[in-house]
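Q: Sequence:
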Amino acid sequence: MNKFLVEFQSATEKHRVLLERPWSFDKFLLCIQDCVGCTTSKDITFTRESFWIQLHDLLFVGMNKTMGERLGATIGFVITVDVDANDMAWGSYVRVKVLVDISKPLAIGHFLNMGEKRLWISFKYERLPMFCFQFGVIMHVKLRCPSSTSDGGSREGQPAQYGPWLGPVPSQKLPRISIEGGNGLKIQTIGPKQV
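Using our numbering, the final residue of the sequence shown is 487, and nothing's skipped along the way.
Careful: at least some of the hints might be erroneous.
[Said to hold, decoys possible] Listed below are the simulated PhoX-like cross-link pairs for lysine-lysine, each with C-alpha atoms no more than 25 Å apart in a straight line:
1) Lys357 <-> Lys295
2) Lys334 <-> Lys396
3) Lys409 <-> Lys396
4) Lys319 <-> Lys357
5) Lys409 <-> Lys357
6) Lys334 <-> Lys357
7) Lys295 <-> Lys306
8) Lys396 <-> Lys295
9) Lys319 <-> Lys416
10) Lys396 <-> Lys319
11) Lys319 <-> Lys295
12) Lys396 <-> Lys416
[Stated by the list, open to error] Label-pair distances were calculated between CB atoms; the ranges are:
13) Thr339 <-> Thr304: 26 to 32 Å
14) Phe300 <-> Glu418: 21 to 27 Å
15) Glu408 <-> Val298: 49 to 55 Å
16) Ser384 <-> Gly455: 17 to 23 Å
17) Arg410 <-> Lys334: 19 to 25 Å
If you're looking for bench data, these hints aren't it; they were derived computationally from the structure.
The beta carbon of each residue, even a glycine, is placed where N, CA and C say it ideally should be.
Let's have the full structure, built from the sequences with the hints guiding it.
A: Structure (structure tokens):
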């Protein structure tokens, strides 16, 4: 692992770089850590990175900030949940930004009991860099994995547990409609514009 020290001339630029993580170069993760002047390079660990994660297949009743925080906490430390002013997520998934331990296998989903239904909530990682398809670890890319082949499969003949399907799906935000009664009917689209 190579370490680089980067100094920003502007606090605004530093904030933007930290906020828009994760960053990658040629599909390899650039793990960025904010350090203070009284830290030594050996004290900085590069085992955590923030990712936007899409939580798929939730019931509509679970498309909210509370559920995003609950499921996000099963992955790592929750930074924020992408919801509207009413703490609701509108679309086919909930987005949650989570600080993930990249030295461990990626979480692929979580079983959730909602009433009498047992649901599998699948996770999709936005801007997911290269990772090991055999073990699901970002810090253990398949090129350096002794037990995987170049196509992501296992040398022991076992199929890989992870794959490119952990990446995101295109946004499918649903439009919200406000309807007012009275003498006339007024319908106004509040959600995103349809392209």
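Q: Going through the earlier hints one by one, which of them does the structure break, listed in rising order?
A: Structure breaks hints 1, 3, 4, 6 and 17.
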